[in-house]
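Student: Next come the chains, spelled out residue by residue.
Protein chains: 2
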Amino acid sequence: MARLDSLLSPRSVAVIGASPDPHKIRGALFHVLRKNGFAGRIVPVNPSYRDIDGVPCFPSLAAAGEPVDLALIAIPAAGVLAALEECAAAGVRNVVVISSGFAEDEGAPADLQDQVAALTRRTGMRVCGPNAEGFHNEPGHVSATFSPAVDRDADDNPTATANRIGIVAQSGGMGFALYNRGRALGLSFSTVVSTGNEADLTAADFLAHMAEDSETAAVLLFLESVRDPAAFAAAASAAHAAGKFIVAIKIGRSGPGKLAAASHTASMAGWDVGYDAMFRRYGIIVATELDEALGIAAALASNPPARGGRVAVLTVSGGAGAWAADALVAAGLEVPELGAATQAAVREFIPSYGAARNPVDLTAAGVQGGGMLRALELLSRDPDVDQIAVISSLSNPARVSIDGAGLAALLAQRLKPVLFYSYTLPSMFGRRILAEAGVVIFPSMAVLATAARALLDRGRFKLPGPVDSMVVPDAVRTVLSSHSGPLAEHAAKAVLAASGATVPPSRLVTQASGLADAAAALGFPLAAKIQSAAIPHKTEAGGVRLDIADLPALEAAFADILANAATHAPGAPIDGVLLEPMAARGVEIIVGIVRDPSFGAVVMVGAGGVATELFQDTAYRFAPVDEAEATAMLRGLRSAPLLDGFRGAPPADVSALARLVAQVSRFADATRDTVAELELNPVIAHPVGQGCTIADALLVLSPAGQPER
Amino acid sequence: MARLDSLLSPRSVAVIGASPDPHKIRGALFHVLRKNGFAGRIVPVNPSYRDIDGVPCFPSLAAAGEPVDLALIAIPAAGVLAALEECAAAGVRNVVVISSGFAEDEGAPADLQDQVAALTRRTGMRVCGPNAEGFHNEPGHVSATFSPAVDRDADDNPTATANRIGIVAQSGGMGFALYNRGRALGLSFSTVVSTGNEADLTAADFLAHMAEDSETAAVLLFLESVRDPAAFAAAASAAHAAGKFIVAIKIGRSGPGKLAAASHTASMAGWDVGYDAMFRRYGIIVATELDEALGIAAALASNPPARGGRVAVLTVSGGAGAWAADALVAAGLEVPELGAATQAAVREFIPSYGAARNPVDLTAAGVQGGGMLRALELLSRDPDVDQIAVISSLSNPARVSIDGAGLAALLAQRLKPVLFYSYTLPSMFGRRILAEAGVVIFPSMAVLATAARALLDRGRFKLPGPVDSMVVPDAVRTVLSSHSGPLAEHAAKAVLAASGATVPPSRLVTQASGLADAAAALGFPLAAKIQSAAIPHKTEAGGVRLDIADLPALEAAFADILANAATHAPGAPIDGVLLEPMAARGVEIIVGIVRDPSFGAVVMVGAGGVATELFQDTAYRFAPVDEAEATAMLRGLRSAPLLDGFRGAPPADVSALARLVAQVSRFADATRDTVAELELNPVIAHPVGQGCTIADALLVLSPAGQPER
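Here the protein sequences come in this chain order: A and B. Counting from 1, position 278 in the first sequence corresponds to residue 289 in my numbering; the numbering is continuous, with no gaps. Counting from 1, position 25 in the second sequence corresponds to residue 36 in my numbering; the numbering is continuous, with no gaps.
Bear in mind the hints are in silico, worked out from the structure with no lab data behind them. There could be a bad hint or two in this list.
The list cannot tell twin chains apart, which means a pair is met if one copy fits it or any two copies do.
Said to hold, decoys possible - Subject to a maximum C-alpha distance of 20 Å in a straight line, what follows is the list of computed SDA-like cross-link-like pairs (lysine to any residue): (1) 473 with 638; (2) 46 with 33; (3) 473 with 502; (4) 473 with 31; (5) 46 with 652; (6) 35 with 417; (7) 46 with 408; (8) 46 with 667; (9) 35 with 89; (10) 35 with 362; (11) 35 with 61; (12) 46 with 283.
Make a model of the complete structure from these sequences and hints.
Tutor: Pasting the structure below:
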């Protein structure tokens, strides 16, 4: 039993206000439920009718006798609360509220939806919605929705995949569109749920149900915003543990809502890095298109795991093969030359103007005698091929270029993923033959390539292990809790040093007379930087001088810096000027912490300098991360080649960087109640064995009494 | 009359070896031609038959009487030359050679295709192919192909667009796949041509024909490689002049074939920057997917021009609207808030839980009384909206949420582009109603967004004007023609200076004793760089010292540099050490020239430092460019914000940069016979009014006697 079975697999369903008119929503709910073969008891409730289509109709729920598992409500918003009270009084266990006019409605009473939520808490009755489109449980024959997408009579699509996919959508239109398009691709589904405004049950609740539901092999999500991140994380983790993959479309990325923040990290990150970190943590695959999400789901649901990213392309058109190779390479896969033995074996049954290299062009003549299946057999047994992409034309209404039964037998061995694309639109005949062999035909070459990449990524994914908490020294806790807003760099570095990070040697100088001593201790060349909590962006304030070569230059720089600060921020309290030896050159990286308003501490690494911002070359993970995960973050940057010794430079000390990133992430996790932002920018990575230098640090404390999450 | 009319609109067609068996290619050619209603004379040629299906069959072309305009050849390759000779002797004007087994065939005689080409030159007879799939001229009812895609009986697709599109494909499979998928979208076509191996007629020839052809309003290209760039450019220019747009899919981008070259510019560029420059020059829109190419073509063919990129989204699903906004913003468009008047007008006919902002969510209830058309009218007349995206569900088999006649009347006014997407798969009913109004339903949200972007780009496109040639001084010509391979930096800079570019002051020092004088003339801090034609990458050789502060440091650097050079490149001839004042800081840019093997001189600008290579932040144009085009290149970089004064830096002297880029491009154009590569890396742009500094220059001359194109 999965947790929401009494809602999604009810034994009895009441339709409040049921109508014989199928053009009304209340009528459609009744009719769709019946038509799609619900085997339990249907209880129409409407004082105006004695029966509807022969089913006895009751004047009230109370009159209906024993309590129902599920009631469907689609009456106007103003009557919903009273109807819910009646449901609760009648012992109804679950309600789907279709009615609109709640939190999404500017004209609705402000607390109407809160009253619904309060009612569910008070009574224990669970509510899906309001403003939901209901759900469709396909194997259970429960169609509790007015969506025309679930009309089985209109569905003549062949079914290709046996593994059923669940859909949880915060937009009913999109949820049932996924179902509609998925059926056309040949996918089979367990339950499609529209979660509406989520006054009670959330997307996380339904995801948790599907993680337990034996009919559901995988889950498609259409998300606008996750209301309960901790519950969502637990559900995603449970799905992973049950071997079920998740594909998510997350919308609302283009809207306003960037965080106003002092650090570049936070201002750049926007409000959805928490989602990116969440998806990454649990191996949730992100899609941006309906057909892309469905294609990825189809590939994962109908294929064995991929051992790697070496793809053999099998085609009957040279142009299609070269194009497929482009698409696959663009998606990060390889299309390597095939081994000599495989090529020779293919050569045996294709004409001389075909190609036995990769892409393999069998030509139209080459497939006539069963060449497609022969080639597929050969490639399936070639240990140097991880996946196979078959690119052909399936538009012929009466013929396909492969033997269906032979294909089914080969694919049943589950040797490796085989992905099919037809450059012409596949005929119903072609779709049927391939569906019988368990094959989904991808809607585009790009979706095929993305799906092949998802197979690769899923094969490599591992849930990160737990990371030890950091014990923050009491002295640091005291500093953090006794300030608010930005700390000056020297104070931030003191905090980091006390927390175990290595910071460069430095002197804070307040008077020109102290310069000579400090310089003698540190050695030229020096960097000099204004120190004031009121000046978080020192360079913009003219508060930084680099490469200071001698004492006269240092004295001049000191005077300049203080003068600039006085102009830039008149009256700002100045702690002094921080002197540090110029760091040796190296690869510059940014390390930062963002407090996502929903998800909490997220650690970021980015390409140094301006590249982080201009090219969005960043990686985000939930804090804390261990050193392995930190290394993966660094290696995942597009600028990672810089770390390996780009253009003759020595390789950088990636393990020192990873140590620092892990440390910072644990610090962020441990100080979530006080530290609002942290940015080390740049961190300079020196050659292997020589560590890294935190050249600058910005630490912003939460306003007192307003701890961040 | 367009140039290839006698081929593509023949009055008579002979089928060599015609067969009554439609399963043979030679039979299919005959049958498809007849079935699709060819109105001219069909001449089957086969000594085995007296007639085929009642059409008199001739033992030879000569026996057929008057010369035919077009002969179709699909006999085995070994017999093709003889058949072509017979055609020429019989006065045949054009031949399509379907037969495979020529240049694409490893086993074929090496010169077989060359003999075909020679025959066409000798006789004047034009040949399409070999290894072609033929063509289909839809308005002319000429189906000279065996492709099943052109079977009109199988095509029950409604037609939405009146403007016919031509297809020129170097892959027959892909060309007819574009036709097949385009028909399903409701596009109408003029002629689809498969160009095969292009022994004679090339893609450029067919493009030139379509530029002239009155039936063709636009052209779709599927390209593997352009054999005659100059002819292609002329054809593209003619199409543009005729007001016809071109959408191109260019494949083969992932293959091997990167240029081996000394400069980063050239080694990075790979072999297809010439295509990018070509497409950019003529406003050719690049697509990577069949449906994307078709969607762009549909948008441009069925809509008035877009005045801008402000898109109003009209939907019945809040989730779909927010998702559409994401997709549009990701494609570089705006989804701005609507004006108060428009919002108020929309509010009048939608429920309170709908949204009158952008995206406009009419809700299902809001469209019932004709709300969709009303909203469309309002947005069509709102001067602050440039394009409209309608996102709804068209899957209902008997109903659509908009009045078709009203929609047709509104769209006939051609007020602004209106693009439709159905998140569910559209029913045939929905497709018909919208097609009658001239509407193509886009296959995905991403394609809709890409098409909206193409409308914006096409609205802004202008063919660049001619650029004056540079007169290269004789002294420079002498230097260029008397060397080969790389020049040392000082020599390259001398060439640039003599050609009109501003280079920094410098001294070439050969003896330590000369350092003091040079330093006194230039002033500290200095940069010192090894000068040797054998050491093009000076930094990697330890041959560069920067920020040299005084004479002792300079003397040490001089010695180090020479010692490193001796280690790095023992025995290399050393010209000396070049001293230059350290350039002031600024924004770093790379300016380079690539000699594309097919297209000639291409000028590149890229983000400075490693970003060019790591993030491919580059722009390519044919050389020469004027300053306006150079400015557009710089402004088009993702790192362009750096030029505008990023993070408080002063804005950079973009006009000085653009002047330099234009100058370099004219130099490259004028020295195409001698200069193989040129790279200025970095060029440092100083604040506005302070110009830019060519910090380093690499110039590589073609080997003597091997001028580059």
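Student: Indicate, hint by hint, whether the structure satisfies it.
Tutor: Consistency of the hints with the structure:
For the homomeric pair residue 473 and residue 638, the shortest alpha-carbon distance inside one copy (15 Å) is at most 20 Å, but the shortest distance between copies (53 Å) is not. For the identical chains of this complex, residue 46 and residue 33 are intra-copy neighbours only, at 11 Å inside a copy versus 47 Å across copies, given an alpha-carbon limit of 20 Å. With identical chains, the CA atoms of residue 473 and residue 502 are never at most 20 Å apart, being 38 Å at best within one copy and 56 Å at best between copies. Within a single copy, residue 473 and residue 31 get their C-alpha atoms no closer than 53 Å, and across copies no closer than 62 Å, so neither meets the 20 Å cut-off.
Taking the shortest Cα distances, residue 46 and residue 652 never come within 20 Å of each other, neither inside one copy (60 Å) nor across copies (60 Å). In this assembly of identical chains, residue 35 and residue 417 lie within 20 Å of each other by CA distance neither inside one copy nor across copies; the values are 49 Å within and 26 Å between. Taking identical chains as interchangeable, the C-alpha atoms of residue 46 and residue 408 lie at most 20 Å apart only when they sit on different chains, with a minimum of 18 Å there against 32 Å within one chain. Taking the closest pair of Cα atoms, residue 46 and residue 667 never come within 20 Å of each other, the shortest separation being 65 Å inside a single copy and 74 Å across copies.
Proximity of residue 35 and residue 89 under a CA criterion of 20 Å is satisfied intra-copy only: 18 Å inside one chain copy versus 71 Å between copies. In this assembly of identical chains, the alpha carbons of residue 35 and residue 362 lie at most 20 Å apart only when taken from different copies (17 Å versus 63 Å within one copy). For the identical chains of this complex, residue 35 and residue 61 are intra-copy neighbours only, at 18 Å inside a copy versus 69 Å across copies, given an alpha-carbon limit of 20 Å. When the C-alpha separation of residue 46 and residue 283 is checked against a cutoff of 20 Å, the pair qualifies neither within a copy, at 42 Å, nor between copies, at 58 Å.
Checked against the numbered hints above, the structure breaks hints 3, 4, 5, 6, 8, 12 and satisfies the rest.
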